[in-house]
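With chain A held as given, fit chain B onto it using these hints.
If you read the protein sequences in the order shown, they are chains A and B. Its first residue numbered 1, the first sequence is counted upward by one per residue in the UniProt record's numbering. Its first residue numbered 1, the second sequence is counted upward by one per residue in the UniProt record's numbering.
Any given hint could be a false lead.
Stated by the list, open to error - Reference excerpt, derived from the structure (chain B facing chain A, CB under 10 Å, subset only):
| no. | residue |
| --- | --- |
| 1 | Gln3 |
| 2 | Ser17 |
| 3 | Ile22 |
| 4 | Lys61 |
| 5 | Gly62 |
Unchecked claim - Cβ pair distances, simulated, as ranges:
| no. | chain 1 | residue 1 | chain 2 | residue 2 | range |
| --- | --- | --- | --- | --- | --- |
| 6 | A | Ile285 | B | Gln130 | 37 to 47 Å |
| 7 | A | Pro377 | B | Val47 | 44 to 54 Å |
| 8 | A | Arg197 | B | Pro138 | 24 to 34 Å |
| 9 | A | His484 | B | Gly128 | 43 to 53 Å |
| 10 | A | Lys429 | B | Pro138 | 49 to 59 Å |
| 11 | B | Thr34 | A | Ala36 | 24 to 34 Å |
| 12 | A | Ser244 | B | Tyr72 | 51 to 61 Å |
| 13 | A | Lys554 | B | Thr64 | 44 to 54 Å |
| 14 | A | Thr171 | B | Tyr37 | 46 to 56 Å |
Hints are computed from structural coordinates only; laboratory data are not their basis. In this text, a Cβ means the ideal position worked out from N, Cα and C, and glycines have one as well.
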Amino acid sequence: MGNWLVDHWLSVLILVAWLGLNIFLFVYAFLIYEKADKYFYTREILGTALAFARASALCLNCNSMLILIPVCRNLLSFLRGTCSFCNHTLRKPLDHNLTFHKLVAYMICVFTAIHIIAHLFNFEHYSRSQQAMDGSLASVLSSLSRHEKESNSWLNPIQSPNMTVIYATFTSIAGLTGVILTIALILMVTSAVEFIRRNYFELFWYTHHLFIIYIICLALHGMGGIVRAQTEDSMGESHPYNCSKSFHEWDKYVSSCRRPHFEGHPPESWKWILAPIALYIFERILRFYRSQQRVVITKVVMHPSNVLELQMRKRGFSMEVGQYIFVNCPSVSLLEWHPFTLTSAPEEDFFSIHIRSAGDWTENLIRAFEHQHSPMPRIQVDGPFGTVSEDVFQFEVAVLVGAGIGVTPFASILKSIWYKFQRADHKLKTQKIYFYWICRETGAFAWFNNLLSSLEQEMEELGKIGFLNYRLFLTGWDSNIAGHAALNFDKATDILTGLKQKTSFGRPMWDNEFSTIATAYPKSVVGVFLCGPQTLAKSLSKCCHRYSSLDPRKVQFYFNKEIF
Amino acid sequence: MGQIEWAMWANEQALASGLILITGGIVATAGRFTQWYFGTYSIAAGVFICLLEYPRGKRKKGSTMERCGQKYMTSVVKLFGPLTRNYYVRAVLHLLLSVPAGFLLATILGTACLAIASTIYLLAAIRGEQWIPIEPKPKERPQVGGTIKQPPTNPPPRPPAEVRKKPSVEEEGAGGPQVNPIPVTDEVV
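So that you can see chain A by itself, here it is in the shape it has in the complex (with noise of 0.2 Å):
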């Protein structure tokens, strides 16, 4: 526990001010309008609904502004780059952006929630206050219309008792904006489930546009003035401790009291969500500027088991390791773009990716670059956009995990590794790595054994053997492999991968691994960097906080996980 919160002490700090912020505003609204004496009249026939609708409401405001921010990349990567010189810990909350973004949006469903359900109350209580013939305060507050010369005297937005609380919702525009909103809310909230969006990525995508109507409307939401309150002057005729006992009297010259006057509240919606709708806007023309920029594609190779190759250069694109690119393709889909790792290294003069069929749009592409008559498709690339993969570098010993295609990043890295050294780079600080590679057969990655092979051969040649040190598990093996592995148990390469290092089977027991590591590197800040599922990160995660050690000058684990 302790290992943890020196590893996310920023992340948390942030969650709590988050939360705090909530309540302070939740606290604070709910106060106003339960105890300010400017909505009297109005608590008089609504009661605390009144209060728990506002206060929900400046919630639900805060939590709108807030959710846009963690959706714009390009500001998070510029973020990240200026804070190069800050330590990894610190710029952490940056990899769980998409976390957050999820967190507000359960906290704008919540309150969503509760918003809804009091103004239910609310019209409710309109509806019957303006229906009550008994002649209290309540009936006589609704009775104030807005149709006589003093225009500003009505309270009830109700005005008639033949008006049904659904045509009072939908002839406002409070009503129907919210109805609307909360309609987008929800089906952005159910094609955005995990399931949906793992599996229908374009469904999720799509949809989760529906924001731009969400937008719209709560900017229009408090445009009616429907939340009335009395006016100052209004006060200083006729305050409510003086007049609301002798309401029978208020038309009545004699009386000091005068009918109260309401006015309602400008919007101000609007005024939370402006700055982050222009940081938006902001961001998609950056994004849709960087991707007219054109790609000229160097190279295209088609690997074994459906895996294409483009190699490409774009003016004044520069990458770092592991970084990602989003890819469009007009040719076969306008409107999508797509995510994939750069395999290339920020040594070479090009930058690639390899793209596996895993879906509608892979598939579509790999078809089209594999018409050899046909004009080549034209590609857009925006990006390139940074993960944790960039920091690895910093450690002096990296462990490195990757389960089936995620071992893509650490392509880039092992590449980058393999031109320093032939640079003879004085400036890497990482003197050791340790490199598991995952997966349940080899065969769509044959192009990575190669890149293995060739650095093999690159060690051998500069007596640097001890550098690298990288095991393969492959673990979907069965009584044939296994046979055939035991034959050739004395052969100097690998049966199945060619290399000089033998593939082991089944899975690694990350206990033994880490102790080894523990052990042979007692005083250093070692990084675990992985990139697949979701259940090895929990393993490798708890490993970490095990053997890192309370002292910080000893051993310390540090875990990162790539998020896609």
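This is chain B only, laid out in the frame that chain A set:
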């Protein structure tokens, strides 16, 4: 977009609508709003819809993540055969269920969401999708005692003797057999 199974999204939407109907119904009934009996209907309809939609159908390609504990409801939903398998039936059912809730403001949101779910189910039905229950995989327990009849008569296969001896040959180094400074006796019995 060709590979999207619309029924999966319709299922999520319908489940959400069920919950919204229940919530709106509780608010209307507890607050004794005007025409609150529609709220009671809404609670019942919401519960029914949640139970019907809870078991997720099987995806055409790939593995499907089950919802927690859905196997009990899967067996019940399976019993109705074509009524629950066919998505046209579900589309019409949801549309009909949503109508009475539309008379009350508290539940009208549920109506709208359920109507949308019904439309998506209609789209799924037109594309020929069907609800396929997720069957539990039969657990293949290897018969532990079944194949052991007698203890093996031959020793297990080993690589040939030269291979086994190799490491000790390498350890002796290039200079020939090792000369021990202190006499060593082999204590293997």
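Consistency of the hints with the structure:
| no. | hint | result |
| --- | --- | --- |
| 1 | Gln3 | holds, 5 Å |
| 2 | Ser17 | holds, 8 Å |
| 3 | Ile22 | violated, 12 Å |
| 4 | Lys61 | holds, 9 Å |
| 5 | Gly62 | holds, 7 Å |
| 6 | Ile285/A - Gln130/B: 37 to 47 Å | holds, 45 Å |
| 7 | Pro377/A - Val47/B: 44 to 54 Å | holds, 52 Å |
| 8 | Arg197/A - Pro138/B: 24 to 34 Å | holds, 31 Å |
| 9 | His484/A - Gly128/B: 43 to 53 Å | holds, 44 Å |
| 10 | Lys429/A - Pro138/B: 49 to 59 Å | holds, 54 Å |
| 11 | Thr34/B - Ala36/A: 24 to 34 Å | holds, 30 Å |
| 12 | Ser244/A - Tyr72/B: 51 to 61 Å | holds, 58 Å |
| 13 | Lys554/A - Thr64/B: 44 to 54 Å | holds, 46 Å |
| 14 | Thr171/A - Tyr37/B: 46 to 56 Å | violated, 25 Å |
Hints 3 and 14, counting from the list given before, are not met by this structure.
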